[in-house]
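*Asks:* With the hints as constraints, model all of the structure from the sequences given.
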Amino acid sequence: MTQGRRDQALAVPVLDLRARPGFPAEGRALLDLYARIFDGVPLGEDEYVISADEKTSIQARCRCHPTLAPGQARAMRVNHEYDRGGALAYLAAYDVHRAKGHCHVGWPVG
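Quick note on the working numbering: the sequence shown kicks off at 1 and runs consecutively.
One or more hints might be untrue.
Here are the computed distance ranges between Cβ atoms for each label pair [claimed, not checked]:
no.	residue 1	residue 2	range
1	G101	L43	18 to 26 Å
2	P24	E45	27 to 35 Å
3	H65	A92	26 to 34 Å
Dumping the calculated EDC-like pairs for lysine to aspartate or glutamate here, alpha-carbon to alpha-carbon at most 20 Å [unchecked claim]:
no.	residue 1	residue 2
4	K55	E81
5	K100	D46
6	K100	D39
7	K100	E45
Hint data in this document are derived by calculation from the structure and do not stem from the laboratory. Glycine included, every Cβ here is placed at the ideal spot set by N, Cα and C.
*Replies:* Okay, here's the thing in C-alpha coordinates:
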(Lines of atoms letter the chains of each structure in order from A and count residues from 1; the text may use other names and numbers.)
(Lines give C-alpha, C1' and ligand atoms only; values in the text may rest on other atoms or scores of the structure.)
Protein backbone atom coordinates (compact mmCIF):
# COMPACT_ATOMS: atom_id res chain seq x y z
CA MET A 1 0.00 0.00 0.00
CA THR A 2 1.46 3.37 -0.96
CA GLN A 3 1.78 6.16 1.59
CA GLY A 4 -0.93 8.23 -0.13
CA ARG A 5 -3.46 5.40 -0.04
CA ARG A 6 -2.58 4.61 3.56
CA ASP A 7 -3.28 8.21 4.54
CA GLN A 8 -6.62 8.11 2.73
CA ALA A 9 -7.59 4.87 4.47
CA LEU A 10 -6.86 6.41 7.88
CA ALA A 11 -8.66 9.69 7.14
CA VAL A 12 -11.51 10.49 9.51
CA PRO A 13 -14.36 12.73 8.32
CA VAL A 14 -14.55 16.05 10.15
CA LEU A 15 -17.86 16.98 11.76
CA ASP A 16 -18.69 20.64 11.13
CA LEU A 17 -20.53 21.73 14.28
CA ARG A 18 -21.28 25.19 12.86
CA ALA A 19 -24.15 23.63 10.92
CA ARG A 20 -25.79 22.45 14.18
CA PRO A 21 -25.10 24.97 16.95
CA GLY A 22 -27.10 22.95 19.52
CA PHE A 23 -25.23 19.71 18.84
CA PRO A 24 -22.55 20.00 21.59
CA ALA A 25 -25.22 20.34 24.30
CA GLU A 26 -27.29 17.49 22.82
CA GLY A 27 -24.22 15.29 22.55
CA ARG A 28 -23.19 16.07 26.11
CA ALA A 29 -26.65 15.06 27.41
CA LEU A 30 -26.46 11.79 25.49
CA LEU A 31 -22.96 10.99 26.76
CA ASP A 32 -24.11 11.78 30.31
CA LEU A 33 -26.83 9.12 29.97
CA TYR A 34 -24.24 6.55 28.95
CA ALA A 35 -22.30 7.57 32.07
CA ARG A 36 -25.54 7.05 34.10
CA ILE A 37 -26.06 10.78 34.77
CA PHE A 38 -29.26 12.73 34.08
CA ASP A 39 -29.43 16.52 34.57
CA GLY A 40 -26.22 16.34 36.59
CA VAL A 41 -27.61 13.73 39.02
CA PRO A 42 -26.40 10.08 39.00
CA LEU A 43 -29.07 7.53 38.11
CA GLY A 44 -30.35 5.25 40.84
CA GLU A 45 -30.12 1.47 40.71
CA ASP A 46 -33.81 1.30 39.76
CA GLU A 47 -33.42 3.70 36.79
CA TYR A 48 -32.65 2.53 33.26
CA VAL A 49 -31.31 3.92 30.00
CA ILE A 50 -33.11 2.30 27.09
CA SER A 51 -32.24 2.63 23.41
CA ALA A 52 -35.32 1.78 21.35
CA ASP A 53 -36.43 1.64 17.72
CA GLU A 54 -39.48 0.59 15.77
CA LYS A 55 -40.06 -0.55 12.22
CA THR A 56 -43.68 -0.43 11.15
CA SER A 57 -45.35 -1.79 8.05
CA ILE A 58 -42.85 -4.54 7.27
CA GLN A 59 -44.36 -6.55 4.44
CA ALA A 60 -44.96 -10.16 5.48
CA ARG A 61 -44.34 -12.31 2.42
CA CYS A 62 -44.44 -16.08 2.09
CA ARG A 63 -42.82 -17.86 -0.83
CA CYS A 64 -45.26 -19.94 -2.90
CA HIS A 65 -42.76 -22.75 -3.50
CA PRO A 66 -40.05 -24.17 -1.22
CA THR A 67 -36.40 -23.30 -1.82
CA LEU A 68 -34.49 -26.21 -3.34
CA ALA A 69 -31.09 -27.01 -1.89
CA PRO A 70 -28.09 -27.02 -4.23
CA GLY A 71 -27.49 -30.28 -5.98
CA GLN A 72 -24.64 -31.79 -7.93
CA ALA A 73 -23.70 -29.23 -10.64
CA ARG A 74 -26.75 -27.13 -9.74
CA ALA A 75 -27.06 -23.93 -7.71
CA MET A 76 -29.70 -23.41 -5.01
CA ARG A 77 -33.08 -22.54 -6.50
CA VAL A 78 -35.27 -19.85 -4.97
CA ASN A 79 -38.66 -19.09 -6.49
CA HIS A 80 -39.45 -15.41 -6.95
CA GLU A 81 -43.22 -15.74 -6.46
CA TYR A 82 -44.71 -14.95 -3.07
CA ASP A 83 -48.05 -14.39 -1.33
CA ARG A 84 -48.68 -11.25 0.65
CA GLY A 85 -49.33 -11.81 4.34
CA GLY A 86 -50.17 -8.30 5.51
CA ALA A 87 -47.82 -6.02 7.43
CA LEU A 88 -45.87 -6.53 10.66
CA ALA A 89 -44.51 -4.15 13.26
CA TYR A 90 -41.11 -4.74 14.88
CA LEU A 91 -40.30 -3.07 18.20
CA ALA A 92 -36.88 -3.43 19.83
CA ALA A 93 -35.28 -1.99 22.96
CA TYR A 94 -31.81 -2.37 24.44
CA ASP A 95 -30.95 -1.80 28.09
CA VAL A 96 -27.68 0.10 27.63
CA HIS A 97 -26.09 -0.67 31.00
CA ARG A 98 -27.33 -4.19 31.65
CA ALA A 99 -26.77 -5.46 28.07
CA LYS A 100 -30.27 -6.91 27.73
CA GLY A 101 -32.32 -6.73 24.58
CA HIS A 102 -36.09 -6.91 24.25
CA CYS A 103 -37.98 -7.49 21.00
CA HIS A 104 -41.61 -7.77 19.93
CA VAL A 105 -42.97 -8.60 16.50
CA GLY A 106 -46.70 -8.31 15.94
CA TRP A 107 -49.50 -7.17 13.70
CA PRO A 108 -50.12 -3.41 13.79
CA VAL A 109 -53.38 -2.26 15.34
CA GLY A 110 -55.67 -0.05 13.29
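*Asks:* For the range 26 to 34 Å, tell me whether the beta carbons of H65 and A92 fit it or not.
*Replies:* Given range 26 to 34 Å: holds, Cβ gap about 31 Å.
*Asks:* Range first: 27 to 35 Å. Now tell me if the beta carbons of P24 and E45 are that far apart.
*Replies:* holds, 30 Å
*Asks:* Need the status of pair K100, D46: alpha-carbon distance at most 20 Å?
*Replies:* Given pair K100, D46 holds - Cα atoms ~15 Å apart, limit 20 Å.
*Asks:* Is K55 close enough to E81, meaning Cα to Cα at most 20 Å?
*Replies:* violated, 24 Å
*Asks:* When you check the alpha-carbon spacing of K100 and E45, does it fall within 20 Å?
*Replies:* holds, 15 Å
*Asks:* Given the hinted pair K100 and D39, is their Cα-Cα distance within 20 Å?
*Replies:* violated, 24 Å
*Asks:* Using the C-beta atoms of G101 and L43, is the stated range 18 to 26 Å upheld?
*Replies:* holds, 20 Å
When held up to the earlier numbered hints, the structure conflicts with 4 and 6 and fits the remainder.
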